[in-house]
Structure formats: structure tokens, C-alpha cells
Amino acid sequence: GTEIYDQSHGTFVDLSILDVLQIFGRAGRPQFDTSGTGIIITTHDKLTHYLKSMTNQFPIESNFINLLADNLNAEVALGTVTNIDEAVEWLSYTYLFVRMRINPQVYGLTYADVQEEPMLETKRRELITAAAMLLDKTHMIRYNERTGDLNITDLGRTASHYYITCETMEVFNSMVRKSMTQGYVLEMLTRCSDFQQLKVRKEELTELWSLKDQYCELRIEDAPEDIHWKINILLQTYLSRGRVNGSSLQSDLNYISQNAVRIVRALFEITLRKNNAYMAGLYLKMAKMLELQQWDFYSDMRQFNCFTIETLKHIEYPMLKPDQIRDMDWKELGDLIRNPKNARHLKKCADEFPLLEMEASLHPITRTVLRIRLTITPNFK
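Position one of the sequence shown corresponds to residue 541 (my numbering), numbered consecutively onward.
Derived from the structure by calculation, the hints contain no laboratory data.
Everything numeric in this text was worked out from a predicted model, so none of it was measured.
Even for Gly, the Cβ is constructed at its ideal location relative to N, Cα and C.
Some hints here could point you the wrong way.
What the hints assert, rightly or not - Here are the simulated DSSO-like cross-link-like pairs (lysine-lysine), alpha carbons at most 27 Å apart as the crow flies:
1. Lys861 x Lys921
2. Lys861 x Lys888
3. Lys871 x Lys853
4. Lys853 x Lys881
5. Lys677 x Lys663
6. Lys853 x Lys888
7. Lys825 x Lys881
8. Lys921 x Lys828
9. Lys828 x Lys888
10. Lys828 x Lys881
11. Lys871 x Lys881
12. Lys718 x Lys853
13. Lys871 x Lys888
14. Lys814 x Lys718
15. Lys825 x Lys814
Said to hold, decoys possible - Label-pair distances were calculated between CB atoms; the ranges are:
16. Asp546 x Arg781: 38 to 48 Å
17. Asp625 x Glu743: 47 to 57 Å
18. Asp559 x Ile916: 50 to 60 Å
19. Ala652 x Met673: 20 to 30 Å
Modelling step: build the complete structure from the supplied sequences, incorporating the hints.
And the structure:
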């Protein structure tokens, strides 16, 4: 049929009419034939909707107003918009402005407003000012109400580079602390606006409880009706490389894992600019955990997908690191993992694991200037 699972909405939605038009457009290819046939298979109650949309060609309205603040932040970060007047002019280039003039009632205007002011400068200025005040409130830009100047901040620039929304920045501003644990960071991630459209379904609860018992290493408050509970379980399941059976849960897990890395990388850069070394290190560690899909207390050798879980457990129990495996004789290693055949291969992989040897020397030059000489030597095959 025409129902598809949309990860961004967290539910099944009808196929967009734009997609249907594109598919039907491919049915008729003038260079091959004089006519073409397009067939749509859908339920009877949705047939009228698609027929009307195909034949009447209803105009498509703009949703740009919902993300106006984020797009304005991107323009300020690029330097193409530096004040309110330039932002008002920039808005006149958008499809939103075109639809506001043609169908003003959808956007809170009347036809009389368009007749009195065809270019809708007052409405555009009102929208831009509201967006600028929101960005200023979240510390993403500095908005001077007297002069109308807009200046980007480090927070706003990072948000633009990593596609972080204003709502998510508000979460960061309210929840970020100078010192946090991994569990608290995961809880903060579940509050991000990127995941709030996901839903907890009754048919998923049994599997979610099972995933929580099998794969969750960090404590989670039991709240089965809460979306944050579900997101936290899926994040920890992903880090534990757990297996998810439900198709909707698999889609949600893929969506969460793809976006979580981006958000944590943004947190790392924000904290780095604030000179908080401890939290920057924690965020960097968690970003690597999500990128490599493993907890930090797992062996680094898990990055090689050629070893069995039994072999890895024999390495992780004494917490052997790659450099320690290098120093071991392959026979000794074979006795440890109880598999002499894999010992040579394990040692070979350990030799290929990136290892850097560093030597540093410090030389004071003045009371406030220190020269640091760092020699880095790669020691791996």
C-alpha cells in the first residue's frame, strides 16, 4: 500500500503526494513511447485523497516558518545576514514569502493585509525579530535590539555546523553541568528535540523490558510510558551490540544511533571551547563509543569483527590492552584465550592497532611562556 514507516515521525505515514507525483512522472517517457501507465495500490479510504491530489494539483504550503530560527542562525553563522534589515530581505527570497502573498490566511494574515502592504515587510520583520530573540535567549546569537545587529556566538556556530536545533540547545543550557556521568549524558540525549517525535507502542513493551535486562549497563528509571525511557534503552542496546527483533524498533534504533553521534560531537566541541577538559574528554569518549558501537570498558579488539565473543571475553576479563597483547608470546596468548589457532591472528591484529609513542620536553622561556616540544612516533604495522 501507500503506508511507510517514517523514522523522523516515529510512526507509519502515508506516502507523500510529492513522491507519488515523481513516481508517476517516471511512468511516461516520451523518448520511448507515446503514453505510459501508472498504478497506485492503496486502501479505499485513501483513494479519493490521492486521486484529488493527482488531478486537482493542490498548492503545497510552506513549513519554513517552523524552522525559521534554525535557518536564520545558519545564515548569521555564514555571514550572509548581519542585521535585522538583511534578514528581512533574505526572507523575501524564500518560498514562504511567495505563499504568504498568495494564501495569507494559512500564515495568520488576511487578504486585506496583503492589499495594504503587498511586500509584507511588517510581517517579515515580526517573524525575524521573534526568531532573533529566541536565538539570543538560547545564546546562539547576540541580538542588539537598539541597532538590530546580529552576531554569531560559538554556541550558534557549533549548532549550525552540527544541525542542532534551538529546542535542543535549550535542553543543553538547562541540563549541562561542569561535571557529569555517562548515565546523565545519555539521559540528556534522550531529551533532545531530534527524538521527541518517537513513540512508545504497547506491542514494543515486552521486547523493551527484555532489552533493558539483557543489554543496559547503566541504571534507567522505570517509566514504560515515557519516550525517554525507550530512547535510553535503545541507546544502551546499540552500545552493547544487542539484537532488536521488532521492525519498528529496528528503524527507531537506526534513527537514534545515526543522530546521537552528531549530537555528542557537538557537545564535545561546545565544551572544548569552554575549556572544560574533563567533560570534553568524557564527550569525546562517548562519541567514540557511539561511532564504534561499544562501551568504553570493552576491549579495543572488539573493533576487529573477526573474533568470537568467547575469545573477546577471555581478553576482557583481565582487561588486556593491545600493547599488552603485543608483548605476549603467541603461545602464552593461545593458552589465555584457550584457542591457539586464533592466537597468531589476535597478535597480528594487535600489531596493526594504532599505537603512538610520545616524548615531551618542557623549556621555560619567560615567567609566562613555556615551550613544549612533542615527538610522536607511530609504532604499528
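Here's how the hints hold up against the structure:
1. Our distance criterion of 27 Å between C-alpha atoms is met by Lys861 and Lys921, whose separation comes to about 17 Å.
2. At roughly 14 Å between alpha-carbon atoms, Lys861 and Lys888 fall within 27 Å of each other, so this suggested pair holds.
3. As the CA atoms of Lys871 and Lys853 are separated by approximately 18 Å, the hinted pair is consistent with the 27 Å bound.
4. For a cut-off of 27 Å, the pair hint linking Lys853 to Lys881 stands: about 16 Å separates their Cα positions.
5. Distance restraint check for Lys677 and Lys663: the Cα-Cα separation of roughly 21 Å lies within the 27 Å cut-off, and the hinted pair is therefore satisfied.
6. Between Lys853 and Lys888 the alpha-carbon distance is near 18 Å, which keeps this suggested pair within the 27 Å criterion.
7. Taking the CA atoms of Lys825 and Lys881, the gap is near 33 Å; set against the 27 Å cutoff, the hint is violated.
8. Distance restraint check for Lys921 and Lys828: the Cα-Cα separation of roughly 22 Å lies within the 27 Å cut-off, and the hinted pair is therefore satisfied.
9. Straight-line distance between C-alpha atoms of Lys828 and Lys888 comes to about 23 Å, which keeps the hinted pair within the 27 Å bound.
10. For the suggested pair Lys828 and Lys881, the alpha carbons sit about 30 Å apart, so the restraint of at most 27 Å is broken.
11. Of the pairs offered as hints, the one joining Lys871 and Lys881 holds, with about 10 Å between alpha carbons and a cut-off of 27 Å not exceeded.
12. A distance of roughly 35 Å separates the Cα atoms of Lys718 and Lys853; the hinted pair therefore is violated under the 27 Å criterion.
13. Taking the CA atoms of Lys871 and Lys888, the gap is near 13 Å; set against the 27 Å cutoff, the hint holds.
14. Between Lys814 and Lys718 the CA atoms are separated by roughly 10 Å; this keeps the pair inside 27 Å, and the hint holds.
15. Annotation: proposed proximity of Lys825 to Lys814 holds, straight-line Cα distance about 17 Å (limit 27 Å).
16. For Asp546 paired with Arg781, a C-beta distance near 26 Å fails the hint of 38 to 48 Å.
17. At roughly 54 Å, the beta-carbon separation of Asp625 and Glu743 lies within the given 47 to 57 Å, and the hint holds.
18. For the pair Asp559 and Ile916, the beta carbons lie near 51 Å from each other, so the given range of 50 to 60 Å is met.
19. Judged by the Cβ atoms, the range 20 to 30 Å given for Ala652 and Met673 holds: they are separated by roughly 27 Å.
Of the numbered hints listed earlier, those contradicted by the structure are 7, 10, 12, 16.
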